[in-house]
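Whenever a hint applies, use it, and build me the whole structure from the sequences.
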Amino acid sequence: MLQVKRFNRLYHYWSSWSLKQRVTFAVQLFAILGILCLPVISIAALVLTLAVLNMTLGIRRFYVKVLTFLFDYATKIKKDKEIAIEADFVSMGPSTPHSELHFADSSIDSAIELSPLDAMKKEDDAAQSSRISRASSQSDIQFRFSDILDYTRQGLEAIVDDEVTKRFTSADEMAVWNLLTRTQQQHELFSLRVTILWFLGFLIRYFILFPFRLCLFFLAMFWMMGAILFLKYLPISKGKLRFGFYINIVLHRILSRVFSAIITFHNTEHRAKCGSICVANHTSPIDVIILSTDNGFSMIGQKHGGFFGLVQRSLSQTANHIWFERSETKDRHMVAEKMREHIKNPTNLPILIFPEGTCINNTSVMMFKKGCFEIDEAPIYPVAIKYDNRFGDAFWNSSKHQLVQYLILMMTSWAIVVDVYYLPPMRIQPNELSTDFARRVKAAIAKQGGFVDLEWDGGLKRSLPKADFREEEQRKFYEMLKTE
Amino acid sequence: MGSNASIMLQQEDLQNICQQTGFTVKQVQRLYSRFKALDKRDCGYLTREDLQCIPEVNINPLGERLIDVIMDDYGEHNKINFKQFIFLLAKFRQGKFKSLITEYNTRESKLRFLFDMYDRNHDLKIDRSELLDVLKMMVGGNIHDDQIATIADHTIGELDKDGDRSITFEEFCKTLERIDADEKMSMKFLS
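The listed protein sequences derive, respectively, from chains A and B.
For the first sequence, counting from 1, position 255 maps to 255 in the UniProt record's numbering; every step adds exactly one.
For the second sequence, counting from 1, position 115 maps to 115 in the UniProt record's numbering; every step adds exactly one.
Just so you know, not all the hints are guaranteed correct.
As the list claims (entries may be wrong) - Keeping only pairs whose Cα atoms sit at most 27 Å apart, straight-line, the calculated DSSO-like set for lysine-lysine is:
#1 Lys482/A / Lys136/B
#2 Lys36/B / Lys78/A
#3 Lys476/A / Lys40/B
#4 Lys184/B / Lys461/A
#5 Lys330/A / Lys370/A
#6 Lys461/A / Lys79/B
#7 Lys370/A / Lys461/A
Just so you know, the hints here were simulated from the structure itself, not pulled from any lab data.
Take a look at the structure:
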């Protein structure tokens with residue numbers, strides 16, 4: 001009753017105002033709205049200034065600290081629940097103590113290089129001792145029924161766990177749950193507190209962080225468009241590259257804020273210089289953005305269509321990149337030629353290459369393709385990129401997600417925390433093969449980043465191994481049969 | 001967002017599996033994760049292609065034969081679901097202490113698996129042609145066919161007690177028990 005009265009009173013006032021009073025009121029209303037929008041404009045200006053000056057307010061680091069605390073709390077609740085449930089189960093044997101959370105992969109991984117051929121060699125000693133009573137002459141080979149034992153067991157072990165397939169999926173077990181259902185393990189433990197936390201987190205990520213990041217993304221796009229227009233009409237051509245360099249860095253700094261990336265660079269004295277090749281392990285398309293916040297690079301790759309193609313064309317305005325037609329990528333000589341040409345020009349930026357050829361999930365480095373290691377005019381600057389999975393898994397599983405889907409997932413993660421290690425430059429030695437040089441560089445990156453060093457080809461993500469490998473195994477078995 | 005697989009491991013199933021196979025909860029969950037990782041199309045079962053995709057199985061000379069045994073003897077219609085998968089793997093649990101042995105991981109079941117690697121027509125005998133097949137797979141083109149035949153004859157001759165040119169399961173077990181084959185076939189399952 002009271003409210004209806006009030007409403008009637010207000011309406012009474014409004015209808016008693018003259019036109020002038022109504023206009024004044026409307027103007028005041030819009031002015032207030034404009035002032036409220038000011039934060040958006042001012043934040044945009046702030047981000048731009050920070051990007052240009054390469055400063056940071058430390059907000060993201062603080063945010064990460066808060067998140068760590070929250071995750072530990074949520075995991076503790078889950079852990080307590082798990083212990084309660086396991087205590088209900090009847091355990092059969094004295095084999096394993098329960099509720100011991102440790103990183104699944106840590107017990108399997110080691111820094112030792114595993115080659116595809118070594119992988120089969122594991123337990124040959126026992127087999128050797130059983131061959132003592134073999135025939136003496138080489139042509140008199142004996143086969144025992146038990147000879148299938150090792151291969152059978154190795155096959156079964158590979159089915160239970162192998163070194164390769166787990167590199168192409170997101171590392172699934174985490175000691176601390178980060179309140180993202182995409183990293184949820186399969187056992188659904190219902191806990192009211194944790195679910196509430198998750199729901200709050202969901203709201204924050206999708207309705208507060210995501211729109212904010214989207215705005216920053218548009219800011220980056222505006223910057224890019226403005227920069228391209230600026231460069232187009234710039235009279236001096238020499239300064240163009242200088243400007244391009246800075247424009248690129250600022251663009252990537254804004255983009256890194258889009259993903260809430262917290263990047264720590266180590267050993268910046270080994271930053272790649274002009275006329276060199278920079279080599280890094282590949283985990284996601286964001287690698288490029290992260291590396292470009294600190295240095296300018298020339299990209300090399302094949303021309304894409306669609307969104308990516310647009311990106312490529314606009315980036316080409318700011319620096320000399322090397323883009324290939326799809327048909328030309330097979331021609332290794334031409335690729336090498338173009339790279340050599342690029343390196344000869346001292347004003348050209350270092351070439352950024354990911355020799356693995358595909359995205360790996362940041363637990364290992366796989367075979368480096370030898371193409372760029374054959375160019376001996378330029379030093380190689382290796383870079384190790386190590387992501388911290390706790391705040392968002394940066395790995396792009398291209399068979400699972402499309403690029404745009406992946407980017408949205410990234411923008412709705414908590415943050416991307418990454419350590420970038422610059423390594424001292426390496427050159428090919430006089431009598432060294434390019435494959436050995438590639439292996440050496442890979443070992444250096446693996447050591448720095450704490451990755452497992454594998455000789456397996458990243459191409460195994462999509463294709464089967466060559467028949468040569470199996471034939472090699474057959475040959476080795478034959479050799480073993482021959483010897484005593 | 002949202003969980004990946006459409007099949008979740010139910011608590012009841014989990015308890016059943018643990019009791020019957022002797023695996024701990026953590027081991028089963030880990031194997032379940034592995035199963036899901038191999039099941040790329042998320043259909044709840046593994047096919048031959050899924051197993052062949054594992055590079056270390058692919059380059060194993062006996063890889064194909066192993067997959068044959070798994071699919072034909074433990075799966076059905078060229079598919080193997082998680083229950084079948086885990087009961088298969090339960091065979092290879094270590095049976096060092098009496099308390100760890102269930103009906104699945106007995107010494108006999110391990111030896112039987114090895115026997116089945118040879119005996120594909122399931123007549124409970126390994127005859128000359130079956131042995132030849134396995135030998136050919138293992139040495140490939142490195143030995144001539146006639147030499148392979150000689151080797152096969154020699155191997156059978158050594159063990160064949162009743163002169164029927166084929167090896168029964170008992171004869172097979174005798175020769176393998178000498179080298180503790182079942183111990184060697186045991187796998188460590190991490191939890």
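For each hint, the structure was consulted:
As the CA atoms of Lys482/A and Lys136/B are separated by approximately 16 Å, the hinted pair is consistent with the 27 Å bound. Under the criterion of a C-alpha separation no larger than 27 Å, the hint pairing Lys36/B with Lys78/A is consistent with the structure, at around 23 Å. Our distance criterion of 27 Å between C-alpha atoms is broken by Lys476/A and Lys40/B, whose separation comes to about 32 Å. Straight-line distance between C-alpha atoms of Lys184/B and Lys461/A comes to about 31 Å, which puts the hinted pair past the 27 Å bound.
Distance hint between Lys330/A and Lys370/A is fulfilled; the C-alpha atoms sit about 14 Å from each other, no more than 27 Å. Annotation: proposed proximity of Lys461/A to Lys79/B holds, straight-line Cα distance about 22 Å (limit 27 Å). About 19 Å separates the Cα atoms of Lys370/A and Lys461/A, which keeps this hinted pair within 27 Å; it holds.
When the structure is compared with the earlier hints, violations turn up for hints 3, 4 and for no others.
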